[in-house]
Amino acid sequence: MVSNEIIRTAIRYYYQSISDHFELLTNLDTAIGDGDHGENMVRGMKAVVDKLDAITCQEMDQVVHDIGLTLVMKIGGASGPLYGSFFMSAGKFLQGRSLEKGTIAEALNAGVKAVKHRGKSRDGEKTLLDVMVPVYETFMEFSDSHSRITDYLNQILVEADRGLESTRLMKATKGRASFLGDRSIGHLDPGAKSCQLMFHSICQAVRDHLKEGELAE
Amino acid sequence: MSANVGILIVSHSHQLAEGAADMVRQMVGDKIPLGWCGGNVDGGLGTDLGKIKQKMEETWTPEGLAVLVDVGGAETNSEMAIGLLDSSMSSSVIICDAPIVEGAIMAAAEAASGSPLAVVVKTAEESFS
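Chains A and B, in that order, are what the protein sequence lines are.
Per our numbering, the first sequence starts with residue 1, numbered consecutively.
Per our numbering, the second sequence starts with residue 1, numbered consecutively.
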């Protein structure tokens, strides 16, 4: 169901998307953090793109793991260990397993759990988890259903957008934004924004490859 | 020297890490292995996981290593670095829940007297009060 080609496309889309939204990410992070989220994510994704062939010529579990390792090595901010843990743990889970939708859902679960553990956080605390958790839950629904992924792509994007928007009214209790207390309310979380962009890129890549008829379902 | 616990300072800032390490050296001389690192891979403010891991390997002793960090990514990247270390080392590397400068000085003074890792970490964490 998932091919390395989809991953390659998703990586390219996400690098482009992060670059296009560099200014927005910077502004969001300047408002409630240290202002380096745009720069950090561009650096991280550029490193992944630079190593695209080397990373994606491997087995899928290693591909996913190495995306995480590259991000955590290059991002340099607090989001590095979070995105890094997400992909490294999801990749570790995939090791030796076939890529069915139930397995992918469980790999997502392993990734989300790792982010919670690393950030000592959960959803509702104005972080990227507010996008990750609803997306994971929607994918779980898909995985338990007899539906095709096409029926769920829109719903995943709606949940990612909704999750991002939900961070606006939250008060930050984690990360640099927590130092602002109530003054963090009213701003979107920059990590949630970069995470929403990531799921948009992944879904777009899946859609493209569906069009090309590469996917069985 | 290798009989003592090592101390590693991890900051977002190269200058802050270097300055804190200078203060520690002034206190304890060369009685303990002391490492420091600060800045991201481009040299700007931030942290560099590869560098942190390398410094952990250099500063670790069989007695262990106490790590002092500043905000956010310094802590999480240090946790990631511990996860990437060989298991023979990682079990004796502890991140102190302590202010970076005061904690480093207190931990270093304790380590220089030959105390075990648990005591070094406890002393650093008491520098909060």
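Treat the hints as calculated values from the structure; they're not laboratory data.
One should not assume that every hint holds.
What the hints assert, rightly or not - A few chain B positions that, by computed beta-carbon distances, are all more than 10 Å from chain A:
1) ARG25
2) VAL28
3) LYS31
4) GLY44
5) GLU57
6) GLY72
7) GLY73
8) PRO116
Claimed, not checked - Heads up, simulated SDA-like pairs for lysine to any residue below, C-alpha to C-alpha not over 20 Å straight-line:
9) A/LYS46 to B/ASP70
10) A/LYS116 to B/LEU84
11) B/LYS51 to B/LYS31
12) A/LYS120 to B/LYS51
Even for Gly, the Cβ is constructed at its ideal location relative to N, Cα and C.
Checklist entry - Which numbered hints are broken by the structure, listed smallest first? => result 4, 6, 7, 9, 11 and 12
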